[in-house]
Amino acid sequence: MFAPWTIACAPSITTSDEGRKFHEFVPQCGIIRPRRGKQWSRSLWRISNGRARRFRRSSGRRRFSRASRSRQRLGIYKARAAFTLLYRLGEEAKRRGVALTSSGNFATAFAYMGRWLGVPTALVMMRRTSPFKAEQVARFGGEIVWCEDRFEARFETLRRLEVERGLLTINHMEDPNVVIGHGTIGLELLEQLPEVGTVLVPISTGGLIAGIALVLKERDPRTSVIGVQPEGAQATYLSFKAGTIVTIPETRTICDALTATRPGTLMFSLIQRYVDDVVVVSDEDVAEAVAWLAREEKLVVEPSGAVGVAALRSGRATPRGPTIALLSGGNIAPAHFAQFLTTSSARA
Numbered sequence: 002m003f004a005p006w007t008i009a010c011a012p013s014i015t016t017s018d019e020g021r022k023f024h025e026f027v028p029q030c031g032i033i034r035p036r037r038g039k040q041w042s043r044s045l046w047r048i049s050n051g052r053a054r055r056f057r058r059s060s061g062r063r064r065f066s067r068a069s070r071s072r073q074r075l076g077i078y079k080a081r082a083a084f085t086l087l088y089r090l091g092e093e094a095k096r097r098g099v100a101l102t103s104s105g106n107f108a109t110a111f112a113y114m115g116r117w118l119g120v121p122t123a124l125v126m127m128r129r130t131s132p133f134k135a136e137q138v139a140r141f142g143g144e145i146v147w148c149e150d151r152f153e154a155r156f157e158t159l160r161r162l163e164v165e166r167g168l169l170t171i172n173h174m175e176d177p178n179v180v181i182g183h184g185t186i187g188l189e190l191l192e193q194l195p196e197v198g199t200v201l202v203p204i205s206t207g208g209l210i211a212g213i214a215l216v217l218k219e220r221d222p223r224t225s226v227i228g229v230q231p232e233g234a235q236a237t238y239l240s241f242k243a244g245t246i247v248t249i250p251e252t253r254t255i256c257d258a259l260t261a262t263r264p265g266t267l268m269f270s271l272i273q274r275y276v277d278d279v280v281v282v283s284d285e286d287v288a289e290a291v292a293w294l295a296r297e298e299k300l301v302v303e304p305s306g307a308v309g310v311a312a313l314r315s316g317r318a319t320p321r322g323p324t325i326a327l328l329s330g331g332n333i334a335p336a337h338f339a340q341f342l343t344t345s346s347a348r349a
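Using our numbering, the final residue of the sequence shown is 349, and nothing's skipped along the way.
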C-alpha cells in the first residue's frame, strides 16, 4: 500500500530582538520569509530546501510524515540551540570564550555559530568520537579538547577548563536555552501539520524531546510525544519507566549521537511532565531504517537520526493519528554510510 509523506523542515526561531541578528544569517542558512516584530513563539523562518511537499512512497500500512533536520547545511537540528546559547551570553563571556561538551553534533553547531558570532569555543569530546564529526568541528574553528571515553569524563574536563583557563562552561543538559532552541521545532511541526497526532523524537540527554514536547503539549495536550533510544544506550528509557533518573555504566550502539549515560535533571523533569512514552530499538532496526531512507526517500540520515523511523517500521512504537518521525541528523562519513547500504542489499 502506498502512503503520502510530507517533508516538514523546522525553521529558525528567536526572540524579536534576536530576529534582527538572525536575519543577517539568512544568506548562509538559506532561510526565507522572515516575519518580523513578533515574539519567539510566533516568529518563523522556514528552511528553503525543506518546504513541505507531498509525494508517494511505499511504507506498508503506516501513514506518517518525517520532519527532516538532516538536510540543513550542518546536517543537524542543533544550530538554533547553539545560536540561542551563544547569542544570549554577556559580552565578557563572549570575550573569554566558552566551552561545551558533545558527542559530535552539538559541537559542530557550537563551533559554527561561535565562529559566526565571534565567540571562541572549546569543545570537549571523547576520543571515540566519529573522526568525521571531529573534522567538521575543526573545520568550523572549534578547539577540540579530548577526554577519556567516559560520559562523566566530559563534564570533569569541562570543570577543569573553567578552573585552568577561565572559560565559561555550559552544561547543555541543564540549560533552559537549549529547551527554547529545540522547542522551535515543535512550533513548525504545528504550523505545517496542525493535525499531527504523534511525534517520535530521538533521545540522548533529553533536550530535543523536552523542548518539542513542551511546545506540543502546551498547544494541544492530546498530541502524543514518544521518545526513542537505541537498546545499547537506554538511560532515559530506564529512567522514564522507573520514575527517577537512572545512570547506566556504559553505552554500546551504532547511534553515536545518542550515547548519554543519563538524562539531564531539567530535561528529565520536562520529559516526565510532557512525554507519553519512551521506547527502544535495536541497532539492526536502526541500520535497516538508514538503508530504507536512502533507498526509498533518497535521504542521507545518520543512525541516531533514524531511530524514529526504526521504531515505526519495527512496530516498537504505537502511534495514533497522523504521525511524524523526526530525522535529527545526517552527519555520517560516506564510507560508513555505504556500509549500511551494502549490508542492506546483501540481506534483501
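Heads up, a few of these hints could be off.
[What the hints assert, rightly or not] Per label pair, the in silico range of CB-to-CB distance: (1) Arg-296 x Trp-147: 32 to 38 Å; (2) Thr-344 x Ala-94: 41 to 47 Å; (3) Leu-118 x Gly-322: 25 to 31 Å.
Rather than coming from a laboratory, the hints here were simulated on the basis of the structure.
The beta-carbon is built from N, C-alpha and C at its ideal position, and this holds for glycine as well.
Hints, verified against the model:
1. Arg-296 x Trp-147: 32 to 38 Å: 36 Å, holds
2. Thr-344 x Ala-94: 41 to 47 Å: 46 Å, holds
3. Leu-118 x Gly-322: 25 to 31 Å: For Gly-322 against Leu-118, whose Cβ atoms are near 40 Å apart, the range 25 to 31 Å is violated.
Going through the hint list in order, the structure does not satisfy hint 3, though it satisfies all others.
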